[in-house]
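A.B. asks: The primary structure of each chain is shown beneath.
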Amino acid sequence: MLRSVKLEGDTAIINAEYLDHKSMNRILKSMDSEGIRRVKIKNVYGIRYIGAGMKSNMDIEIYGTPGNDLGIFMDGLRITVHGNVQDGCGNTMNSGEIIVHGHGGDIVGYSMRGGAIYVRGDVGYRAGIHMKGYGDRNPVLVIGGEARDFLGEYMAGGIILILGLNMKKRMFNMRFVGSGMHGGVIYLRGRIDRLGEGVEAAEVNEEDMKIIGRLAEKFCRYFNYEMDEVMDQEFMKVIPLSHRPYGGLYTR
Amino acid sequence: MKRIKTYLQPEYVIERLKDRCNKCKICVRECTYNVHIYNPKRDEILSRDEYCVNCQRCVVFCPTKAIRVRKNPNTYRENYHWTEEVIRSIKQQAETGRILLTGMGCDKPHLTYWDRLLLNASQVTNPSIDPLREPIEIRTYLGKKSEHVNINYKDGGDISLETELAPQLRLETPILFAAMSFGAVNLNVHRALARAAAEYGTYFNTGEGGLHPSLYKYSDHIIIQVASGRFGVNAEYLNKGAAIEIKIGQGAKPGIGGHLPGEKVREEIAKLRMIPVGTDALSPAPHHDIYSIEDLKQLVHALKEATDYTKPVAVKIAAVHNSAAIASGIVRADADIIVLDGVRGSTGAAPKVIRDNVGIPIELALASVDKRLRDEGIRNEVSIIVSGGIRSSADVVKAIALGADAVYIGTAALVAMGCTLCQRCYTGRCPWGIATTDPEISKRIDPDVASARLKNLLQAWSMEIKEILGGMGMNAIESLRGNRLQLRAVGLNDAELKVLGVKAAGE
Chain A
401 MLRSVKLEGD
411 TAIINAEYLD
421 HKSMNRILKS
431 MDSEGIRRVK
441 IKNVYGIRYI
451 GAGMKSNMDI
461 EIYGTPGNDL
471 GIFMDGLRIT
481 VHGNVQDGCG
491 NTMNSGEIIV
501 HGHGGDIVGY
511 SMRGGAIYVR
521 GDVGYRAGIH
531 MKGYGDRNPV
541 LVIGGEARDF
551 LGEYMAGGII
561 LILGLNMKKR
571 MFNMRFVGSG
581 MHGGVIYLRG
591 RIDRLGEGVE
601 AAEVNEEDMK
611 IIGRLAEKFC
621 RYFNYEMDEV
631 MDQEFMKVIP
641 LSHRPYGGLY
651 TR
Chain B
58 MKRIKTYLQP
68 EYVIERLKDR
78 CNKCKICVRE
88 CTYNVHIYNP
98 KRDEILSRDE
108 YCVNCQRCVV
118 FCPTKAIRVR
128 KNPNTYRENY
138 HWTEEVIRSI
148 KQQAETGRIL
158 LTGMGCDKPH
168 LTYWDRLLLN
178 ASQVTNPSID
188 PLREPIEIRT
198 YLGKKSEHVN
208 INYKDGGDIS
218 LETELAPQLR
228 LETPILFAAM
238 SFGAVNLNVH
248 RALARAAAEY
258 GTYFNTGEGG
268 LHPSLYKYSD
278 HIIIQVASGR
288 FGVNAEYLNK
298 GAAIEIKIGQ
308 GAKPGIGGHL
318 PGEKVREEIA
328 KLRMIPVGTD
338 ALSPAPHHDI
348 YSIEDLKQLV
358 HALKEATDYT
368 KPVAVKIAAV
378 HNSAAIASGI
388 VRADADIIVL
398 DGVRGSTGAA
408 PKVIRDNVGI
418 PIELALASVD
428 KRLRDEGIRN
438 EVSIIVSGGI
448 RSSADVVKAI
458 ALGADAVYIG
468 TAALVAMGCT
478 LCQRCYTGRC
488 PWGIATTDPE
498 ISKRIDPDVA
508 SARLKNLLQA
518 WSMEIKEILG
528 GMGMNAIESL
538 RGNRLQLRAV
548 GLNDAELKVL
558 GVKAAGE
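Chains A and B, in that order, are what the protein sequence lines are.
Each residue of the first sequence is one higher than the one before, starting from 401 at the first, in this note's numbering.
Each residue of the second sequence is one higher than the one before, starting from 58 at the first, in this note's numbering.
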């Protein structure tokens, strides 16, 4: 295990080539308790659960492709991935930030409770489903490219912003957006002609544009885009029709 | 469309004995469904039978015992096929076009095997034991058991254990309190369950609604649940339990998700679950990160990672047709405990058609799971908890003889606190103050009294379990675990006997 770690200044470099997830998290946790704040993990080929459940303000940079459930249950970490992420990135994360300089797999941001995920490219199916929010806790998922079906399904809170920067047309192709959504908001840069049940498409207002602007600015900063490129199109939003989409389903 | 007139008659009628009623209006105050109303102009108390659910609250609290709740004598013509319940259901659906919602467990008579199983006792050839005079061990450990243990013998006679044991739950009695979420029940109920579990030396399960921070002090006696809605789940919560339970399914509603009606989602509940106040709290039918055994393994490992491999992880499934194969998969997914919830399992809200028709009896599922895991040589890798309609210490003993390590009780615990199974948990107006989050009605549960009632129940059942064990000539519950020779069946066919692995009485 020790062979895999070296220190460069205040940054710890971990070579993940020969590590399994158990040793990886053990190393990260022991570094955290020793006060190391910056970590670079190199040669990551599918290690799962990196940063699982860690309560820390550590800054982790990952080179390669982390496996499923990157940052699951994490609380405060800042993870930057130079590569793609697999399924369940930011699953049930509580706070912190994940910045992905590639694409994301399925269920990115499943059940997020706080913090933010920025993905430069596309994400898979069921991204941002069951995102939550309460009071000032408002998780954020920003997607630079496109998403597959069921984006924001069952969403109960939080914000999803999807930019579709790589789209040839200005029309999103995903289906069942926001099915069963009962809280939160999905902002889209472009149009969509089919939505999930129980949601409606609405025009964005000034307040919405402020939020979009704030998130887009960060997106541009992280991924070297110009604001003009991102803000050159009209935005719209998807919101729930009711807080109780299935309230009328049952008789007592 | 014209408004449809209802053809449904009240299920129950209220009789008020005039010579006993002193118009104290306690019934008016106690009824949360507004059945009793006082008319000051004429100084009389009237009853609106159509709202009555026969919860018996007014009957118990009437100081002069002046109230009788009777089944409405105006029933339909008797018919064994088209029962009263069937006719009522059809009329209700014809009038609303909706799914019938209900609460608690299946109330049909045909799904209980416990009553067909009888226990053994020692006679002549081996002596029975008197539990009042000799110790009988019912302490139970839940978790993976090592195949071998290596012991270090040191000079001087000291010994130490070399094998690293998997984390275990230690129960002073093989009974735990089943998952009931904060939201389905209120904080006073959680307080009572947590306190009783801690004081008796067993565990209470949070259900899927998070754990109120005021209960953190009972951490060592709490199993925290992670279900598909992931409500209340964060690293802090995961570390506030002695064990973690992944809920895949529930006996009352296998295959469908959770549904906490918006009426019950008040401020505190919404805050813990992080959803808007008044929305229906929806848990999807599947976990969307679990579509296979391999995916389940992933969540098991993620939870173990997040808690540094210090806590057993349980996986709860509803008892369904392929439970045995699924259970084998759960063991291979590295779970420490399997929870099987049978068709009689309870709920705060479920479609009636699902509750009464989906899933299989726990007795059959338990026997087949236990056998399968033994056949595969992996029974030691996992403990089995069963639940779903456990009503008495006899049911507990029979479950253990069929292969369970312990049982969960939900309904029995609620009944101990006051529940009368009126099956209206989903309304959020529980007159006994249990399945409600209304702050006023919730006060009807005093955690001190309710926890005392729960502890009494655990104590009474534990003593009865010892009596039964002693009668069999056993001084430890380990000797009974999976010991089907202590069971005989009456009135079962060959197929049922084969699945249960039990002989017919007299054989």
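Where hints are given, some of them may not hold.
Derived SDA-like pairs: lysine to any residue, alpha-carbon spacing no greater than 25 Å straight-line [said to hold, decoys possible]: (1) B:Lys328 with A:Asp432; (2) B:Lys82 with B:Asp551; (3) B:Lys201 with B:Glu497; (4) B:Lys354 with A:Leu419; (5) A:Lys422 with B:Thr367; (6) B:Lys354 with A:Ile611; (7) A:Lys422 with B:Ala533; (8) B:Lys82 with A:Tyr445; (9) A:Lys422 with B:Lys82.
Residues from chain A that face chain B, not an exhaustive set, calculated with beta carbons under 8 Å [stated by the list, open to error]: (10) Leu419; (11) Ser423; (12) Lys455; (13) Gly464; (14) Thr465; (15) Asp469.
Honestly, the hints are just simulated from the structure, not real lab data.
These figures come from a predicted structure and were not determined experimentally.
Glycine included, every Cβ here is placed at the ideal spot set by N, Cα and C.
A.B. asks: If a hint holds in the structure, say so; if it does not, say that too.
C.D. replies: Hint check:
no.: 1; hint: B:Lys328 with A:Asp432; verdict: violated (30 Å)
no.: 2; hint: B:Lys82 with B:Asp551; verdict: violated (58 Å)
no.: 3; hint: B:Lys201 with B:Glu497; verdict: violated (44 Å)
no.: 4; hint: B:Lys354 with A:Leu419; verdict: holds (19 Å)
no.: 5; hint: A:Lys422 with B:Thr367; verdict: holds (13 Å)
no.: 6; hint: B:Lys354 with A:Ile611; verdict: violated (39 Å)
no.: 7; hint: A:Lys422 with B:Ala533; verdict: violated (38 Å)
no.: 8; hint: B:Lys82 with A:Tyr445; verdict: violated (72 Å)
no.: 9; hint: A:Lys422 with B:Lys82; verdict: violated (64 Å)
no.: 10; hint: Leu419; verdict: violated (13 Å)
no.: 11; hint: Ser423; verdict: violated (11 Å)
no.: 12; hint: Lys455; verdict: holds (6 Å)
no.: 13; hint: Gly464; verdict: violated (19 Å)
no.: 14; hint: Thr465; verdict: violated (16 Å)
no.: 15; hint: Asp469; verdict: holds (5 Å)
Comparing the model with each numbered hint stated earlier shows that hints 1, 2, 3, 6, 7, 8, 9, 10, 11, 13 and 14 do not hold.
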